[in-house]
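As you go down the protein sequences, you meet chains R and X in turn. With the working numbering applied, the first sequence has no gaps in its numbers, which climb one by one up to 152 at the end. With the working numbering applied, the second sequence has no gaps in its numbers, which climb one by one up to 152 at the end.
Do not rely on the hints blindly, as some may be mistaken.
What the hints assert, rightly or not - List of simulated lysine-lysine pairs, DSS-like, C-alpha gap at most 30 Å:
{"hint": "1", "chain 1": "R", "residue 1": "Lys34", "chain 2": "R", "residue 2": "Lys126"}
{"hint": "2", "chain 1": "X", "residue 1": "Lys34", "chain 2": "R", "residue 2": "Lys126"}
{"hint": "3", "chain 1": "R", "residue 1": "Lys109", "chain 2": "X", "residue 2": "Lys141"}
{"hint": "4", "chain 1": "X", "residue 1": "Lys77", "chain 2": "R", "residue 2": "Lys141"}
{"hint": "5", "chain 1": "R", "residue 1": "Lys107", "chain 2": "X", "residue 2": "Lys107"}
{"hint": "6", "chain 1": "R", "residue 1": "Lys126", "chain 2": "R", "residue 2": "Lys107"}
{"hint": "7", "chain 1": "X", "residue 1": "Lys107", "chain 2": "R", "residue 2": "Lys126"}
In short, the hints are calculated from the structure, not lab data.
Protein chains: 2
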Amino acid sequence: MHWSDRLYRSLIAVADLVNRLDIDSRLLSAAGVKLDRALFPLLARVAMSPGINVAEMSNLVGRDHSTVSRQVVKLEKLGLIVRTPDPVDSRARRLHLSDQGSAIMAKVKAIRRQWMEGHFQDWSEKDRDDLVDLLQEMIGKDWQTGIPPART
Amino acid sequence: MHWSDRLYRSLIAVADLVNRLDIDSRLLSAAGVKLDRALFPLLARVAMSPGINVAEMSNLVGRDHSTVSRQVVKLEKLGLIVRTPDPVDSRARRLHLSDQGSAIMAKVKAIRRQWMEGHFQDWSEKDRDDLVDLLQEMIGKDWQTGIPPART
DNA sequence: CCATATATATGCATTTTGCATATATCACGC
DNA sequence: GCGTGATATATGCAAAATGCATATATATGG
Numbered sequence: 001m002h003w004s005d006r007l008y009r010s011l012i013a014v015a016d017l018v019n020r021l022d023i024d025s026r027l028l029s030a031a032g033v034k035l036d037r038a039l040f041p042l043l044a045r046v047a048m049s050p051g052i053n054v055a056e057m058s059n060l061v062g063r064d065h066s067t068v069s070r071q072v073v074k075l076e077k078l079g080l081i082v083r084t085p086d087p088v089d090s091r092a093r094r095l096h097l098s099d100q101g102s103a104i105m106a107k108v109k110a111i112r113r114q115w116m117e118g119h120f121q122d123w124s125e126k127d128r129d130d131l132v133d134l135l136q137e138m139i140g141k142d143w144q145t146g147i148p149p150a151r152t
Numbered sequence: 001m002h003w004s005d006r007l008y009r010s011l012i013a014v015a016d017l018v019n020r021l022d023i024d025s026r027l028l029s030a031a032g033v034k035l036d037r038a039l040f041p042l043l044a045r046v047a048m049s050p051g052i053n054v055a056e057m058s059n060l061v062g063r064d065h066s067t068v069s070r071q072v073v074k075l076e077k078l079g080l081i082v083r084t085p086d087p088v089d090s091r092a093r094r095l096h097l098s099d100q101g102s103a104i105m106a107k108v109k110a111i112r113r114q115w116m117e118g119h120f121q122d123w124s125e126k127d128r129d130d131l132v133d134l135l136q137e138m139i140g141k142d143w144q145t146g147i148p149p150a151r152t
């Protein structure tokens with residue numbers, strides 16, 4: 001099999017894994033989180049990219065900005081994130097975790113770390129670090145390049 | 001930053017990439033595909049795992065089996081997949097690409113390969129192959145193990 | 001043969017989604 | 001400064017997707 005096909009298979013498997021984890025009721029309930037299934041992925045991405053705005057988020061997750069806008073309002077009403085005016089662009093609002101949101105994500109993070117350590121316990125440190133480095137190198141690039149022009 | 005957090009960030013980025021690609025209208029239209037956004041991911045996974053059934057697929061993608069069941073019917077009505085009786089379990093039906101589905105996925109695959117080759121053109125072959133190998137090693141494992149049991 | 005589990009399908013209410021549209025602000029050329 | 005088109009966000013609305021409950025057929029294991 002060509003390396004690109006092997007890689008693609010792995011990427012799909014990773015995506016499915018993440019999508020399952022994002023909504024995994026065991027993981028969420030272990031962290032004491034009770035959240036609509038569409039909300040946790042956004043919360044996790046705010047945690048990962050503090051200061052992100054709705055437009056950037058919608059590009060990131062591949063959903064319409066109107067969809068993201070409404071979900072963000074929900075997260076704010078739940079008290080999990082705060083929206084602060086962008087200091088240099090008064091159209092935009094920057095998203096951050098609230099204290100409550102941070103507390104929740106800290107719990108999730110602890111569980112995730114414990115679980116990852118279990119998963120990689122029989123890996124050599126070198127292989128593990130190589131994987132992390134290579135993955136970071138891969139996703140750091142502009143994956144859009146080379147795809148034919150604009151959406152819709 | 002702890003390696004598990006760096007890894008998690010990369011996994012999220014990969015998931016977002018795949019989710020965007022799965023619905024990327026530029027990619028799909030370049031392959032001459034016109035498909036509801038929820039259908040392509042399933043079609044891609046049938047292509048990846050020929051003979052998979054609805055139950056396995058619903059576990060894989062993290063959606064209810066009823067949802068997957070209906071989407072699979074749609075794919076069949078569109079002539080993109082075929083459902084054949086499972087020879088050893090007459091409750092189940094195994095999913096395969098139809099000729100038309102295969103033709104579409106072949107186009108998508110060609111575009112994807114070209115695009116991946118562009119993305120990795122300045123990588124060493126060794127790094128690229130290491131990444132593929134390590135990723136395969138990682139996703140081959142049982143990622144479920146270690147998550148606390150359902151609490152409900 | 002019976003009880004329980006599994007694979008799929010469907011009715012139904014709810015949630016999620018995207019498009020069209022609206023408003024406010026920005027960026028830039030003039 | 002002013003106009004023009006782009007951008008960030010929000011919302012009405014209809015359509016699509018989703019999950020749960022339930023039903024049927026088959027399997028599996030006493």
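Do the hints match the structure? See the list:
no.	hint	result
1	Lys34/R - Lys126/R	37 Å, violated
2	Lys34/X - Lys126/R	44 Å, violated
3	Lys109/R - Lys141/X	21 Å, holds
4	Lys77/X - Lys141/R	39 Å, violated
5	Lys107/R - Lys107/X	44 Å, violated
6	Lys126/R - Lys107/R	28 Å, holds
7	Lys107/X - Lys126/R	38 Å, violated
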